[in-house]
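In case it helps, the numbering used here puts the sequence shown at residues -10 to 1201.
The set of hints was computed from the structure by calculation and includes no laboratory data.
Ideal placement from N, C-alpha and C gives every residue a C-beta, glycine not left out.
Warning: the hint list may mix true and false statements.
So the derived label-pair ranges between C-beta atoms look like this [said to hold, decoys possible]:
1. Gly557 - Glu731: 47 to 53 Å
2. Glu309 - Arg1073: 35 to 41 Å
3. Leu623 - Glu100: 37 to 43 Å
4. Val451 - Ala598: 41 to 47 Å
5. Ile1014 - Thr300: 37 to 43 Å
The calculated lysine-lysine pairs, modelled on DSS-like cross-linking and capped at a C-alpha distance of 27 Å, are [claimed, not checked]:
6. Lys1126 - Lys1198
7. Lys952 - Lys807
8. Lys605 - Lys373
9. Lys1126 - Lys373
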Amino acid sequence: MRQTTYWIAVALALALASLAPVAAQVLTSPVSGTVTDQSGGVVPDATVTLTNVQTNAAETVVTNDSGAYTFPQVLPGVYNVSAELPGFKRARVEQVRVEVSTPATVDLRMEVGGVTEEVVVTGSQGQTMMNTVNAEINTIVDRARIEELPLNGRNVADLALLQAGVTGSGEIAREASVNGMRGTFNNMTLDGVNNQDNFIRTDAFFGVIPLRESFVEEFNLTTSNADVDAGNGASQTLMVTRSGSNDFHGQLFYYHRNDALNANTFFNNATGLEKATVRNHQYGGSLGGRIIPDKLFFFVNYEQERDPATTPVARIVPTEAARLGNFTYDSGNAGLQTVNLFQLTGVTPDPEVQSLLNLIPAPNDPSLTDDPNLSGFRFNSPAKNDSDWLNIRMDFEPWQNHAFTASFHQFTLDIPNSPSNDIDARFPGLPGAGQESTRRLGSASWRASLTPTITNELRFGVQWAPVDFTTQESFQRGYQILFSDASLGESDLFENPIQNFTPQGRNAPVYDLLNNMSWVTGNHAFKFGGNYRALSVDQYATFGVIPQYILGFGTGNEDPLDPGMFPGGIAPADLAVASEMLGILGGYVRTGQQTFNVTSRTSGFVQGAREDRLIKQNFFSVFGGDTWRLRPDLTLNYGLRWEFHGVPTEDQGLALLPVGGSEAVLDPNAVVDFAGGDTGRDFFENDWNNFAPNVGLAWRPWSSTVFRGGYSIAYVVDNNITTVTNALAGNAGLSQQQVIPEITGTLSGGGRIPVDTPEFQVPRTAMQGVLADPAAALFAIDPNLRVPYVQQWNIGIQHELFRDTYIEARYVGNRGIKLTRAIDVNQVRFPAEFVEDFRRAQRNLAANNDPLTGEELTFFPQLGGAAEFFMGNNTVRNWIRNGEIGSYVGNLLALNRDFFFAGWGGEEFGSTVEPGAFLANPNTFVADIVQNNAFSRYNALQVEVRRRYRQGFTGQFNYTFGKVLTNFAGSQTNFRGYFDNAQQNLEIMRPDYDISHTFNGNFVWDLPVGAGRAFDTSGVLDAIIGGWSLNSIVRVRSGEPINIVSERGTINRGGSRSTTNTVHMVGLDIAELQERTGIFRDDRGRILLFDPSLIDTASGRANPQFFQNPGLLEAGTLALSPVSGPWYSNTDVGIRKSFRLPITEDSRVQVRFDVFNVFNRTNFAVLTQPSTARGNDPLGILNRHNINSTSFGVIDDTFSARQMQVGLKVVF
């Protein structure tokens, strides 16, 4: 019966081997080597035994005719390897470390003698540090580094930043890039199961189960040419949970961070603001051991973090004078003048707005802006964070050659006010928004040596990670007040005190089934395997379901201000600010709007209903490969992987796409209809030809030197779900914003007109969509959308400098192909006669301060009386003055068809022009298509020195010189329209993670004084001077790429399309600009990114002597990302003191001191101005500095000042 069961298991494993990994990954590693005699000759038929030191589990193989042996699938751990053969002494190598998914090479040398005799060497002598097997570029972060290095936050994933090729602009690894690739291309697993957010997947090293040092044994980061058994990413990060053994081991720990131990930040010191409150407490314990000796083992960890922290934030607020209507402006030669806007116009303050202003505190930092009517307010925003972890692992070895493992992880999170997501309370004491979550991950595996040459591993895993973003704001008014219209690319003049965020959330469970089989025959080690993965995303949102009223002057409430009202004259930009200020203070309602959603395909729009979507996607892949030992010193790896990424679908059929595919978006008669689910319409076609070859060579001509090189293709997950859901949401019909334009009145005086529920109609024409919403889109997905992939290659040399220390130098390159980017193909266009008339209007405005006075206009009159009316609008005049013809057409005409275009209502005002004159598809505002039209290129030199732990010291030091180019760095939705579809090369740039020079160093050093160390001590002396260790992390990197932009809509419409419009630079070349980019101070003591000579003192804008705006139909001639910002340097130090406990030999108490940024170096953070939270830029282009900003080049943020953590650990 036992034999029958055995062969049934073999047959089952062989059947399952037709599956292949997508999210779950192989955690085992091959252990191989050669057995030789004293003369160097190979020893065939020797019995090689591999024994786990902690559990006593053992397995054996026999060397082949070449004296070679292989254990193809070995779990991570510490082993002894021995070889026996009659006529020879037994050879044994002790303390061999097998690391996760990393080949281990252990050669044994046998001497003539009796089998009862034994020759023993340590792993340090018998196990090479060099990779002699394949071309993978990977690094193991072992338990010693995880446990001992000073790690702020104790998140193990942050150690990825210390690896060659990993670059990031922040202090943590979450948003880092691996070898110049998008963050989405990294696949991170915990115990073989995907541990990433599969809805918003932009962060390379974000774990839904945060990875604490208390429960992680080690991790493997493969940055290039991962073996054929690794999928779902071009880089691989594999984390493994600690396990139990025959001996009981445990620890109790407590860590504390307190602002009393910290330095204050640079800007807090400058403004007299107190340090952010830090009272961080982390405490818990772990225990591992045996339940049944040599059979059943356990490990459990539980810990809590209580962090009532605060985060420094800066807000723009109106001055006390501005709140009273007093407006200060620069009148030129007459200098600064002040007028009262209420007295000039007869407008009275609106009571509702006054109630909001009363919530805004008085300014405390005027350095945040140069506008005399605005100032800054800095405060420490509450950032309370309570978290809990539970981690369990079980290992069961019921009989020889069979091993079962299971792990369970649970993480809970409660953040009631979240500055990191920019949804915190706008000012002290007001309601904010935050998030809460309970996440779980489970993994179970069965590894069996089915025959002496066949090993199989079967694994099942699940990840469950619901996240809810909640708000404390009750919106008792029943409506929201907005200071600007974000849909038009506007930003608030000053901070709205109400946090208008509304609840949203999601859950994205993942289910994985993996099988991996190895077969060793002769000099070949074959591997086969596969995986099925099921992913679903259940998301909800309540955006806009509460009525919103946008303040300002518009077509209903006419702007009463005129330049002639301002003594001495006023600049157009200042007049626009005055109008915006008066519109807000007077409570004038520009538009009203509300979003309505359906609950099913037949429900129609339901007032107050939230948006609910259920997206599903399946993955399947298979692989096969071979490690072929051509000679004892030469190994060839080759293999092929095939991946299938299924087309996502909305399970309820609640999705709309144009009928006719992507070409339909330019069809004026386009119709959108239901897609997905059971509708019979897939979002796009399946991609079946995703074959990924993998080849590598490792040559060891001398015992101390290895040459390696390889090439591979890796298919990647490029933020699939959010890209698709953004495209689906772009087609109006299931969620519709109903807009009331032309409102007259104020918040307190008739301006809050109720928003009626719109009529539901699907199928729906493009015209119906744009009639319902002037900003409506047609959003399609290319039916031939393909799975993006990365070609990778590397060549390098490893050399053992001396025992336990080696150096590696390598060239690493890759190319991202068919990367995802959605673009707008309905770019505005301009009839030649309109362009000439626009130029005439420009000249008139320059000569007569009126675009209608002077040369006769011939085309504008054809747009009717509305065109003449809007010629008096300050924003429109600025567009004309600046040559922003794209903004005029895209942000005025296209959004107000009923005023300007015949056939849409414009004929009532005398228009004879149809929208087709300006838009390829006149029946939609934008026509977006998700395509494969982005790319990336990376080339780098990487040099690394590593020392294995020996004589109390282990260290790792690396340097990377790299270059990344791309035309789109990716974003949460992977959408960014081109500034000009005809000049796409304008957008080739260095992304923010292109860091030219990076040096990383880390070491753990047990000082050689104390019991058992080089300078042995005991008793009281040992208690004082023994047991000390010094550990450190050093990171030095060059600056991030800087973009100098105008963002003017001179070719395409303003807003997101013009984000990449740069400037004309004159009187400087790039080298000179780089010399004048760094850290500077001006006469006011402000910190600047640029030399003060590049900034106009009076206005705070860029000096026009060097930077000029592009004109009509011009794009800036300065390339994107031409220079880099200031260098970053940081050193963290950890000091440990251990005291022995008289319980067991290994028992001790350890006192820990960690100092982060030990030298308190001020590293200035160079962000987009006005400041944008890092990583939250939806356009995927950070560090933009607009020459027209009154705070051009101003730096107002830093990375962390010195922080300290104290800890106490009891180990037994």
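Now the hints, each set against the structure:
no.	hint	result
1	Gly557 - Glu731: 47 to 53 Å	34 Å, violated
2	Glu309 - Arg1073: 35 to 41 Å	21 Å, violated
3	Leu623 - Glu100: 37 to 43 Å	27 Å, violated
4	Val451 - Ala598: 41 to 47 Å	31 Å, violated
5	Ile1014 - Thr300: 37 to 43 Å	41 Å, holds
6	Lys1126 - Lys1198	10 Å, holds
7	Lys952 - Lys807	20 Å, holds
8	Lys605 - Lys373	34 Å, violated
9	Lys1126 - Lys373	31 Å, violated
Violation of the numbered hints given earlier is confined to hints 1, 2, 3, 4, 8, 9; the remaining hints are satisfied by the structure.
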